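Asker: I would like the entire structure built from these sequences, with the hints used as guidance.
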Amino acid sequence: MQTKRVTFRHVWLPYLLCLPQLAVTLIFFIWPAGEAIVESFYQTNAFGTSLRFVGLANFQRLFSDPSYYASIRVSVIFALATSALAMTLSLLFAAVADRIVRGTNAYRTFLIWPYAVAPAVAGVLWMFLFNPSIGIAAYALEMVGIDFNATISPNSAMALIIVAAAWKQISYNFLFFLAGLQAIPNSVYEAAAIDGAGPVKRFFTIVLPLLSPTTFFLLVVNMVYAFFDTFAVVHATTQGGPGQATSILVYKVWKDGFVGLDLGGSAAQSVVLMAMVAALTVIQFRYIERRVEY
Amino acid sequence: MAGITIDGVRKVYPNGFQAIEDLSLNIPDGELVVLVGPSGCGKSTLLRMIAGLETISDGDISIGGRIVNRLEPGERDIAMVFQNYALYPHMTIFDNLAYGLRNRKTPKAEIKQRVEEAVQMLGIAHLLDRKPRQMSGGQRQRVAMGRAIVREPSVFLFDEPLSNLDAKLRVQMRVEIKRLQRQLKTTSVYVTHDQLEAMTLADTLVVMNAGRIEQAGTPMELYSNPATVFVATFIGSPAMNMLPGIVADGFFRVEGDAAGIQPMSLRGVANGPVILGVRPEHLQVGPAIGAGLSGRLHVISSEPIGAETLVYCEGPGSDPLILRAAGEATHRPGDMVDVFAPADRLHLFDTETGEAKPRLTAVQTVMATGPQPVT
Ligand SMILES: Nc1ncnc2c1ncn2[C@@H]1O[C@H](COP(=O)(O)OP(=O)(O)OP(=O)(O)O)[C@@H](O)[C@H]1O
Ligand SMILES: [Mg+2]
Chain D
1 MQTKRVTFRH
11 VWLPYLLCLP
21 QLAVTLIFFI
31 WPAGEAIVES
41 FYQTNAFGTS
51 LRFVGLANFQ
61 RLFSDPSYYA
71 SIRVSVIFAL
81 ATSALAMTLS
91 LLFAAVADRI
101 VRGTNAYRTF
111 LIWPYAVAPA
121 VAGVLWMFLF
131 NPSIGIAAYA
141 LEMVGIDFNA
151 TISPNSAMAL
161 IIVAAAWKQI
171 SYNFLFFLAG
181 LQAIPNSVYE
191 AAAIDGAGPV
201 KRFFTIVLPL
211 LSPTTFFLLV
221 VNMVYAFFDT
231 FAVVHATTQG
241 GPGQATSILV
251 YKVWKDGFVG
261 LDLGGSAAQS
271 VVLMAMVAAL
281 TVIQFRYIER
291 RVEY
Chain Y
1 MAGITIDGVR
11 KVYPNGFQAI
21 EDLSLNIPDG
31 ELVVLVGPSG
41 CGKSTLLRMI
51 AGLETISDGD
61 ISIGGRIVNR
71 LEPGERDIAM
81 VFQNYALYPH
91 MTIFDNLAYG
101 LRNRKTPKAE
111 IKQRVEEAVQ
121 MLGIAHLLDR
131 KPRQMSGGQR
141 QRVAMGRAIV
151 REPSVFLFDE
161 PLSNLDAKLR
171 VQMRVEIKRL
181 QRQLKTTSVY
191 VTHDQLEAMT
201 LADTLVVMNA
211 GRIEQAGTPM
221 ELYSNPATVF
231 VATFIGSPAM
241 NMLPGIVADG
251 FFRVEGDAAG
261 IQPMSLRGVA
271 NGPVILGVRP
281 EHLQVGPAIG
291 AGLSGRLHVI
301 SSEPIGAETL
311 VYCEGPGSDP
321 LILRAAGEAT
331 HRPGDMVDVF
341 APADRLHLFD
351 TETGEAKPRL
361 TAVQTVMATG
371 PQPVT
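Each protein sequence line maps, in turn, to chains D and Y.
Taking the numbering used here, the leading residue of the first sequence gets 1, the next gets one more, and so forth.
Taking the numbering used here, the leading residue of the second sequence gets 1, the next gets one more, and so forth.
Read the hints as simulated data drawn from the structure, not as lab findings.
Check the hints yourself; a few may be wrong.
[As the list claims (entries may be wrong)] Pair ranges (Cβ atoms, derived):
1. I184/D with G40/Y: 19 to 27 Å
2. F128/D with Q134/Y: 50 to 58 Å
3. L17/D with P14/Y: 43 to 51 Å
4. T25/D with K108/Y: 56 to 64 Å
5. A125/Y with V11/D: 56 to 64 Å
6. P107/Y with Y69/D: 51 to 59 Å
7. I184/D with Q113/Y: 27 to 35 Å
8. Q172/Y with L17/D: 50 to 58 Å
9. K112/Y with I184/D: 23 to 31 Å
10. K112/Y with G243/D: 56 to 64 Å
11. G8/Y with A95/D: 31 to 39 Å
12. D65/D with Q134/Y: 47 to 55 Å
13. A95/D with D60/Y: 30 to 38 Å
Since the model is a prediction, treat every value here as computed from it, not as a measurement.
Where is the CB? At the ideal position from N, CA and C, for every residue including glycine.
Answerer: What follows is the structure, encoded as structure tokens:
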């Protein structure tokens, strides 16, 4: 597709139009990021009254802390499970929707709605659903003999944040999968049908391979989301607990910094997270920009 | 090998539109049938019903004596070549060709052998490792053909397979398709817009209009004896000249201003309005020789196209009368020309129904003795 090129009459207008976004980026991202980098080299005393340059000590401490590795493990499990769940479900929905909507896009509008729900709200919503005393989902699970209690059971807690985080991402994935599916010409499915492939076989031998660029792109997006954008989900539901069972990296940054008041350590964690985002972004651009081969 | 029988088939789309109404057609084993007709007449719909890509609203389609109405496309033992080729973009040419065979659990060695035979036949053996996007349109077209022939199905279905190719390639592929079909003797249904393709490929040519068959027959039958005005004007290029007129008192006269066309003696035809048709190639420049239609026409323009020249003359209606003259003919706008078409080259059609009346014989149009009618 070719994008239309807009010509502006004044040279400064495009810059002016970019200004709000630039300002937001600067104030809420660049500046705090810079602060975090600086702070990661300092240590604050318990009262926050003095700053002392400690070099890489914060990082050394971090990487020798078993609870940090535990958090990494929790985050990886959480991110993989969330991405897998969100992507599988959205692909399923998209495949169903594609059969119905080939041509129309009325449904698409409805299906994007969950994406507009704030993460905290999504979290609370699911927390209520799974609340052991009043939640309907917890009740349903109890009926089939599953004891679901996110405040006591680490597995329940993990399941809860995975479901809450994945749910929010489904609509986003859905749109991309649907667009990807609709880009496959009808005649290719038909040719495959004539070639004797049933619906399941067509899905695995034609659809899935043709969707691979979309799938890869979404995998990166979902991983980034699960790793870095799910603070509110955790905060609103399990608050990292029980114990450290759902204390994913982003949550730990906040908790160590603002609850544990270890600003230096928290800043060091932020810097590590930043490096991870940067790495994922590089992967995304490197592989997606030159289109996945098929 | 198998013939196709289409028996009283109807297609009503979910939106209520009736694309095919009560259509019956018998396609003998090994024959190549070409469906032609204007855009939207239901050619693709019919083909897709044979393929199993559209449900059949009413009636039966059988292939090789087996009713296939309820069979999946994959179970009908057919292969289809699509207009946009519909190759699998992520697979190599080998895999494109092998896909259908693998789905049918053909042994590996046999797949390899059949794919190799097919690519040899089509001259694309050197492309086996390429992906579709690394090939030209003509090569993709061959791959699409290859995908159909490796399967050795009992029926080939083609939906305008050549319309995305340039003129030269189209001719080349047309010849090749004909050769392959002769060689493989596979029953084929071929949909096209292109008259030349239709005439040259068809064993049986089927002209469709608004979801119905207007006429089916050999290309020459349809050319020489069109059953309706529709077929008469659809087959042949430039189209047959149509002269609405009236038969009265043993004469045919064109309606309104005759524009130089002489009344023609006509016996054995009931009085009343008729349409007289004459092909451009049957209107000769020169004096009347024997019985037939004659006139003296005003030349509007002339188009030399090498082997022949198309001469446009002022006709009785708003449409010009077209005649085919020799390539060297030098008729200039404003010239008057004498034209003549022998009686056995004329077609008469019913004005109401558009159906053809029996062909004329010279005897019917020999001048009656008696007073010449005045024009
Ligand atoms: N899915 C559909 N739903 C409703 N109407 C349809 C559908 N597909 C085709 N039609 C209509 O059925 C009629 C026949 O369509 P079809 O595609 O068979 O025409 P065609 O003869 O192949 O035309 P062309 O030469 O342009 O390919 C057309 O009027 C078309 O608008
Ligand atoms: Mg068509």
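Asker: Hint by hint, say whether it matches the structure.
Answerer: Verification of the hints:
no. : hint                           : verdict
1   : I184/D with G40/Y: 19 to 27 Å  : holds, 26 Å
2   : F128/D with Q134/Y: 50 to 58 Å : holds, 55 Å
3   : L17/D with P14/Y: 43 to 51 Å   : holds, 47 Å
4   : T25/D with K108/Y: 56 to 64 Å  : holds, 57 Å
5   : A125/Y with V11/D: 56 to 64 Å  : holds, 59 Å
6   : P107/Y with Y69/D: 51 to 59 Å  : holds, 53 Å
7   : I184/D with Q113/Y: 27 to 35 Å : holds, 31 Å
8   : Q172/Y with L17/D: 50 to 58 Å  : holds, 55 Å
9   : K112/Y with I184/D: 23 to 31 Å : holds, 28 Å
10  : K112/Y with G243/D: 56 to 64 Å : holds, 60 Å
11  : G8/Y with A95/D: 31 to 39 Å    : holds, 37 Å
12  : D65/D with Q134/Y: 47 to 55 Å  : holds, 53 Å
13  : A95/D with D60/Y: 30 to 38 Å   : holds, 33 Å
Violated hints: none; the structure is consistent with every hint.
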